[in-house]
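S.K.: Going line by line, the protein sequences match chains A and B.
Residue numbers for the first sequence follow my numbering, beginning at 3 and rising by one.
Residue numbers for the second sequence follow my numbering, beginning at 127 and rising by one.
Just so you know, these hints were derived from the structure itself, not from any lab.
Owing to the predicted nature of the structure, the values given are computational and were not obtained by experimental measurement.
Keep in mind that the hints are not guaranteed to be accurate.
[Stated by the list, open to error] Chain A side only, calculated, beta carbon under 8 angstroms to chain B, not exhaustive:
1) S48
2) K60
3) Q103
4) M158
Where a beta carbon is used, it is the ideal one built from N, C-alpha and C, also for glycine.
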Amino acid sequence: MPKKMHITLNVNGKEEEFLAEPRELLIYTLRERLNITGPHIGCETSHCGACTVTLNGKSVKSCTMFAAQAEGAEITTIEGIGGPDNLHPLQEAFKEHHGLQCGYCTPGMITRATKLLEEIPNPTEEEIRFGMAGNICRCTGYQNIVKSIQAAAAEMNAAQEAAE
Amino acid sequence: MIPAAFEYYRPKDMAGVLSLLEEHGDDARVMAGGHSLIPMMKLRMADVPHLIDLQDVGGMSEISVGADGIRIGAMVTQSDIIDHEALAAAAPILREAALQIADPQVRYMGTVGGNVANGDPGNDMPGLMQCLDATFTLVGADGSRDVPARDFYEAAYMTAREDDEVLTAVSLAAPTGGYAYEKQKRKIGDYATAAAAVQITREGDTCTSASIAMTNLSDTPIFSEAAGAALVGTALDDGALTAASAAMLGDIDPTEDNRGPVAFKRHVAGVILRRAIERAWSRA
């Protein structure tokens, strides 16, 4: 048995330190070791995006990365984006615009969308569809997800302007 | 889906990588972004007792665009390719192809080096690099050597790279003329049912050069010299397009799989090539 590795991660602003086998995938580290269960396991084959987290500023599928690769990384999950008492504008917009039904894909959708809006603050519908192509939803038909992201972008841009 | 156990290494330099490869032989594999290798390890279709992560090695993440050509480090990601304005100006086919690979999350992690070195017939960059007549730099214990992309691929997952070598960079001359990377896929994130990379030059209404390579239509990428030759000296009339398509169909050897039977793939290959040639011509 290969010896365990000493791994440190910063997840949602909190330092985590543990020993893990090299083959431990990041999604299992988050869900089973750290009890951060927002990122979901959907397809587990790099397709569906339910496990999406932000890692050192990039949207990544945490089912396709070993925790050892992420050593020293800063990771943000849906838990670090907003909570029941302080919803992120994207969370608020998904709620208002019916951007979810069963909700299984939603943490990955919103986590990816935060990064998309950082890169393109005012995206067109086409840019949203292309930028969200790594996240699959089996309920909504995507129309309301697009609307939710457009609404959140408008809200965030208005707040930005008001602050300036 | 948990891979078999393995030892993980993260050497700080190429000397460290090479000594691990020498020690463990074909029990060791190097990994860049891991987005081809990790899924295969999870499915237990790849057995990697010793996994060497290249992320700390350094010196392989640069893109340089200069008078002496273009050099892309092996650790450059598809996302880096898309974002690099000077590269997109010098070789726009690279951005056009990278945008058709996988999805945003995968493009942040997936690298050019991994894509070309893996030898998966489904990967898009091997055919693209054959179209562009790129050269791959391989580093081993005895130093480095350059292998043309057109000579690199031997069979599925079999390449000219030796087990103790690492592919460190891709070099190419800036292409001229019109370009197109055309890809038919069932859905975002899928490999091609058929894809074509085309670079074409013209003088007035006459084609002066054409380079054509096809993806996922054989157990290697297919550089179809005959298809390009069928266009040179013509005005790209219907007869020339038909001749190029026939030449290409003589070079590919698709097999039936979940993307369709052989006859369908050959049909799609013809459609995709024609579209790619027409688009490249319109941009030449």
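S.K.: Enumerate the violated hints, using their earlier numbering and listing them in ascending order.
M.R.: 3, 4
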